[in-house]
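Note that full-length UniProt numbering numbers the sequence shown so that position 936 is 936, with each residue one more than the last.
If you're looking for bench data, these hints aren't it; they were derived computationally from the structure.
Using N, Cα and C, we set each Cβ at its ideal position, and we do this for glycine too.
Worth double-checking, as some hints may not be accurate.
[As the list claims (entries may be wrong)] Simulated DEER-style distance windows between Cβ atoms:
no. : residue 1 : residue 2 : range
1   : 899       : 949       : 36 to 42 angstroms
2   : 928       : 802       : 29 to 35 angstroms
3   : 271       : 311       : 18 to 24 angstroms
4   : 604       : 647       : 34 to 40 angstroms
5   : 802       : 973       : 22 to 28 angstroms
6   : 383       : 309       : 40 to 46 angstroms
[Unchecked claim] No more than 27 angstroms apart at the CA atoms, straight line, and that leaves these computed lysine-lysine pairs for DSS-like:
no. : residue 1 : residue 2
7   : 799       : 779
8   : 832       : 926
9   : 355       : 257
10  : 779       : 763
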Amino acid sequence: MNKRKNRETDERLISFGIGDDSSSSSSMLESLKNETIDTSLEDFKQLLDLTYNVTKECEKRRPINNCKDNPNCFHHLGGLKLLGCGEDDIDLFGEKTEEEEKTYVQTSILKLPKVDVIRHTKRPTLNTPCGIRNLGATCYMNSVIQTLFMNSQFKSHLFNIVNIQNQQVKDFEKDVKDEKDCNNNNGDNSNNNNNNSNDISNNNDLTSTTSTTEIVPINDEDNSATSTVNNSPSNCTVVKDLKDCDMIEIKSSPFQKDVVFQLAYLFYQLQSSQKSTIDPTPLVNCLQLPSDLQQDTQEFYNLFIGLLESKFKDDIISKLFKGSYDYVTECLYCKKRSLNNSSFFEITLKTNGCKNFNESFTDYLAKEKLIGQNQITCNECQTKRDCQRSIEFKKFPTHLNIQLMRYEFDKDTFQKKKLHGNYTFPLEIDLSQYFNNNNNKEKSSTAMDLDHEYELTAIMMHKGLSISSGHYITHVKNDLTGEWWEFDDEDVKKLSVEKIGKDSLGEKRKPKEIREGLVSSTSSYSIIYSKKNRDKVAIPKIENSHLKQLFEDNEKRFDQVSTRFTGIIDDATKIFNQRKEDINAIHNKLEVQEGEKYYWIDTDWLSDWIKGQSVAPIDNSKLLCQHGQLAPNKVETMKRISQVTWDFLYAAHQGGPVLDQDAHCQKCLYQIISGKKDHHNAESSKDQIIKSENQEKNRQEGYYISKHWYKEWSKKVVKQIVKDSTPVEDIICDHGGLSIVKEDMMIVKTETWSFIQTHFAPKAESIASSTTPCQTCLKLDKESTDQTNSIKKERSKLKTLITLIKSQKYNFNLKNGSFYFVPKEWINRWYKFIYSDKSKDENDVTPPGSLSFDSLICPHNGLVYDFEIGNFVNTFDLKDMSVPFLVVPQTIYNLILEAYQVLTVSIHLDDGELSFEPCQQCHIAKNQQLEFDKTNFKDQSIYIHIISSDDNEKDSKYYIFPTKTRRLYKRIQIWPVNHDYTVGNLKLLICTETEIPTFQQKLYINEGVMMKDAKTLDQYKVVPDQIIVLKEYQELDGFFDDGVSEAGFKGTILNQ
């Protein structure tokens, strides 16, 4: 539709230059050129309409976006939903609540990142949990911290411990004060005294972060917002203010490396802070955790609990998290049972082959038979007996941590492979069915039953296809309120019953699962059950003065930051609301009425103003042409507004330049019309010339032109053809003369060449049909032809010799008669010369040259080969340089001498007697060099054979080259390859050729699988032209990761 309209517009514009009244048309063009046209003429008004789309209307019935090429359409411009398309009302971003309005201002107008909004916004109430900031790849830690924080028993005991530390703080401050008094009494160095005044006694911050900034109050005159549209914080100002908000200063602290204190401080912030998200940097630094390395959340949980057990001076960790069991070995003969007591912080349950919690636990408690070769010695029987082993639980902890084994070991890749199967577990469970009741006979059945009733309190989930990386989130039940919450780093949201255990958007628990009290999940990684009869203690107040002071100082600083941030948002919201009122006041007056004066304005500026983003002066500079007037070719960047609207905007914002209805550029209009006229005339002439050329074939007189250029020129319309193109460049040789390749050129008529040269190639050289080809090229061509014929004759003669050698190689006895050695190195050049690629120029192939034996004779004047007639096998394999020569009879050797002279003395056998003695020393050195050269290659080829997943990669047939007549599998050449390329580099080259991703490639050589991507090819002893078998591996595990691979906790205090 648009192409058809544009074509019609072009035709109407052309009519202004070549109408029926040619004198009138010429007069109008001349007036435009001189800028003297009468703008009241009807023809000129039509011209403006065609070029600036002045009277164009929006024809869309239900437009979903703005018509860019229509300056009169305001639909969807900056949020205007209906205006400009026949409606009276507007819907600016729809009806929004106050909170939604602020969110729109933050994201759409100020364009603030979500994380910045969260970090500088107060949480609604203290009943809404805080998030924890992800420092790069610390989601695994955040999940564990939030789970422990929701545990009221653990949190209460932690706060009690730091309250006890209060006296330690006072002792530390007293020591510092005594040290300062001692330094002040010295009096020797006033600078030292001044420096000491900045010690810890004046600092209340106990933690350290990476930035140190001071809060600078916002200047009311510069940054405060009023009800007018002229004052609004720009995006760069807001970003700078937010950077200034990042705190906190680095200060000394006796607890800077105290894990218990830092954990308590983090918990205290999570409980009492106004912040929506808490920065865990102090705790991360204390634990010496690298913030950019992904770790396993379960491994961190176990190590962290173990660390806290060593730091706490009581047995609270054991009481809350540690259970015990007996490892039972029973002799099946004498029934004797031996018990080995053990404790645990977690139970690991298998999920592969188990669909639910009960199946996994039953499998965990299954008895292992030790029979046959696996028999063990029974202490009672004093001999090997069939036995069985099992686990019998003695005590479950208050909070039972269960890790779900979400991986299996792949024997082919030697890597862990994640299991994504759906797994079901209950919200409540009676663990007495998994308990050995014999260990609790002293308890009443009622007490025992209550002691074994557990409820689900946490689900840690892993999102990602690979077990070694991805993202961790957690669902946790509030110990005191019973509410479920999802913690995803900074993002925290309350969960409905349907969303427990579901990590995907829109995924819900099925009604049957809700009725039966079950949760099913494909990403559950660890689950925690807590005793239903556990003590849910109240959280004690913090009495630690040092911690309280640190908290209050940071809260005070955050309150200033948050107030300033909120002020910025409120100011921007006020401006936005004022902008909405302004738009409501003028939206009915935006459109230009017939006969009314109008103005042009930049579309982007108007759109930003409607959105509430722009407060800068009006900028119409982009609408100007090179003559400083309104450019007719920039209609898509401008809108036409009424005088009332322009006066309103200009009074508020000033700017310019002012472009009214008379700001059109007559020079540009002239260029458009005259250009279209020239193109139209040229197109018509071009069509006639092509038609004329097609009527006459094999023309002998005229001008030479490139056949390829003429073909492309014939296809294109005039405006697509680049001027100053070179229609004869392809037919000019390197010597500046006419090419001798007749197939590349054609002869066109004189009239055709004159038209082409005038309109498209004014600088092109004219080459008449009488021009003779380049004499230098003719001479070189003749010499090349003669040489090619000579080479062909030479090849024919050599082929005969090759045939004779191959036919005689096994039909003679070396002990009788005369035989001569011929170096394979020379035969190789000879062979390549004969059978070189025929598609190449014959002159590019070098003949083998004179026959030389230098490569076979060592510096000691001996043969570089341990030659023994009885063990020698004459082979025509030119690649096997372990035997660097062929032995031929004298008749064949004489034929070689006829074609090539011998530069050195020959090596021969006369009735079994060798003319040169073998040199053992050089023979060994030569073989060592050959082996080294094989694996230290450069720019060589490797061949890849692709086989199906069902084929056996150990089959020897895959490691030999297939015959030309029957190819059972695909062979691909990879070139160039160097010896120091790693297997990973090779996989990338294979991926380029085959489009098989590197993670799906399994490579095999005769010795086995090439498993280590970091190993080089020479370490695998790969040689040039070797065949490597590739089996495509369809498993995607480990490819689509959203984090850094797990690196373990080496180097942290968790592993000390």
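Taking the hints in turn, this is what the structure says about them:
no., hint, result
1, 899 / 949: 36 to 42 angstroms, "54 angstroms, violated"
2, 928 / 802: 29 to 35 angstroms, "31 angstroms, holds"
3, 271 / 311: 18 to 24 angstroms, "20 angstroms, holds"
4, 604 / 647: 34 to 40 angstroms, "21 angstroms, violated"
5, 802 / 973: 22 to 28 angstroms, "25 angstroms, holds"
6, 383 / 309: 40 to 46 angstroms, "42 angstroms, holds"
7, 799 / 779, "30 angstroms, violated"
8, 832 / 926, "24 angstroms, holds"
9, 355 / 257, "44 angstroms, violated"
10, 779 / 763, "30 angstroms, violated"
Comparing the model with each earlier hint shows violations of hints 1, 4, 7, 9, 10; every other hint is respected.
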